[in-house]
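> In case you want the letters, here they are:
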Amino acid sequence: MGPIRKPAGTAAETTSATVEAVWRIESARLIATLSRLTGDVGLAEDMAQDALVAALEGWPRTGVPDNPSAWLITTARNRGIDRIRRDKVLREKYEKVASEMELSGPEPGPEQVAFDEDRIGDDVLTLIFTACHPELSAESQVALTLKTLAGLSTEEIARAFLVSKATISQRIVRAKRTLAESEIRFEPPAPEEMGERLGTVLGVVYLIFNEGYSATAGEDWMRTELSAEALRLGRILAGLAPAEPEVHGLVALMEIQASRFPARIGPDGDPVLLMDQDRARWDRLLIRRGLERLELAGELGGSGPYFLQASIAACHARASAPEQTDWDQIVGFYDALLALRDTPVARLNRAVAVSMAGDPGRALAIVDDLAGDRRMEGYHLLPSVRGDLLEKLGRGEEAAAEFARAASLTGNEQERKVLEGRALRASKGFSS
Amino acid sequence: MRCMVIVKATEDSENGVMPSEKDLSEMGSFNEELVNAGVMLDGAGLHRSEKGVRLDYEGDEVKVIDGPFAETKELIAGYWIWEVKNIEEAIEWAKRVPFNHGESTEIRPFIEPDEFGEELTPELRERGAALEAKIAEQRND
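Each protein sequence line maps, in turn, to chains E and A.
Using this note's numbering, the letters of the first sequence correspond one by one to residues 659 to 1090.
Using this note's numbering, the letters of the second sequence correspond one by one to residues 157 to 297.
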């Protein structure tokens, strides 16, 4: 037996890693509870940060308290009351809140549970809806969600998005200000708004996932830690809203896409496209979870865009080799997707499926129709797909020109290299 | 990072004493909390070793030994599979497991496929994947 690593609760061994681990587990519930108590997500987040700082300073001396969540919420509450008393503007604004927090009973002892177990789920869900409020810009929604729900530090968010810490701080400050100025209360959406608001939340989560899945900037092809956070947020959301098929659809989609992470990067760091991936490297546990989740979404009556995208991803996941892919079924799912939401990107993807189902000529006609669409201007995948189709049809010179154009449009270094390589090969008449 | 949290057997578990309703309800709430935190990927409880079988592989001979097995503390009674940021997070979650009767757990990080190095050849990978794809297919029937 090895040495005892860490007698629970003793001081000397408490590292910032332990505090961070507790924070990761507790922060969303802490901020959600404080938001309900104060009615103000911005103030709640400041109070929670104060408690985190106090833990980072105090726990190495005192050890991790027996009930860290009770400790955090008590500390946050006390610091919050101090903060309100000290600051005149805050005092006027929050006088009522401060006195209510003081009157809300004695400090909870270590035996007491800090969170109201019956309400905590609703509180966290309300926090998600507030962080993704439609009044906020997409950038602010993402930053506030990662800060309050995922418990990431400003620095971690900045690193993940390759922007400065100041930029992220600004987005969070702006988000808090908008929430305050628009007098957005901490409350769940009205039933009639529910569908739309949930759609916004799912959009924010998928945006975070995609930023990790196909990094739009920088030298890395993927930033998997961002996708992992989005997947965690999606799973949390599925636990909080278990009756919503689109929530499960999104989680299924993310689980299946994440199952391909180990296969998406070649030994030299180059991206490997779906059809070229070594399927042996796909993560089978994630595929199984994704397929089960998709089934659940189907049982709940799933028919929305995430459900359909997950169904397409599942067709790939079920095929143990590329040639076993059921492309006709995939074309069918794209038809359903287009009937819901006719976007040029979905049409482009459908064209790829049509080509794979055996008809590159018809696919090229679909893509040519899209070429005039202004929304596709500057979108590198359009020439990239067109190049691919031309190459299949034996029109190498034209294909090379398209690949070169796609290379000039992409912002991702790795992808540019791949496209330039394809341009070169197409011009020489080698099919890739 | 992914890890298996192994729940070690106890005298009670080896004697086939089933958990009380209170234990089950507490464990149910804890599992719910794990799932809702996006941490728990899988998990199950196992029957006592009396219902199990052990196989020893020595040269060409395979010895099949019926349970029960001695050294209770080395046996396992259940497991979870968790997705966590690092071992510290796994430890913090494991501290919250509603055990207080001398149970013991062990956290073991997964070996990622890439860590097997050259020994796991592309052919071996492919065979593994074909097998697992078949399993997935059967699950979908």
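Please keep in mind that the hints were generated in silico from the structure rather than gathered at the bench.
Keep in mind that a hint or two might mislead.
[Stated by the list, open to error] Simulated crosslink set (DSBU-like; lysine-lysine; CA at most 35 Å straight-line): (1) E:K1050 - E:K1086; (2) A:K241 - E:K834; (3) A:K178 - A:K164; (4) E:K823 - E:K834; (5) E:K823 - A:K251; (6) A:K207 - A:K251; (7) E:K751 - E:K834; (8) A:K241 - A:K164; (9) A:K241 - E:K823; (10) A:K241 - A:K229; (11) A:K241 - E:K1075; (12) A:K219 - A:K229.
[Claimed, not checked] To give a feel for the contact side, a few chain E residues facing chain A, derived at Cβ under 10 Å: (13) G779; (14) R893; (15) G897.
Glycine included, each C-beta is placed from N, C-alpha and C at the ideal position.
> For every hint, state whether the structure bears it out.
Status of each hint after checking the structure:
| no. | hint | result |
| --- | --- | --- |
| 1 | E:K1050 - E:K1086 | 14 Å, holds |
| 2 | A:K241 - E:K834 | 28 Å, holds |
| 3 | A:K178 - A:K164 | 20 Å, holds |
| 4 | E:K823 - E:K834 | 17 Å, holds |
| 5 | E:K823 - A:K251 | 33 Å, holds |
| 6 | A:K207 - A:K251 | 30 Å, holds |
| 7 | E:K751 - E:K834 | 15 Å, holds |
| 8 | A:K241 - A:K164 | 24 Å, holds |
| 9 | A:K241 - E:K823 | 22 Å, holds |
| 10 | A:K241 - A:K229 | 29 Å, holds |
| 11 | A:K241 - E:K1075 | 32 Å, holds |
| 12 | A:K219 - A:K229 | 23 Å, holds |
| 13 | G779 | 7 Å, holds |
| 14 | R893 | 3 Å, holds |
| 15 | G897 | 3 Å, holds |
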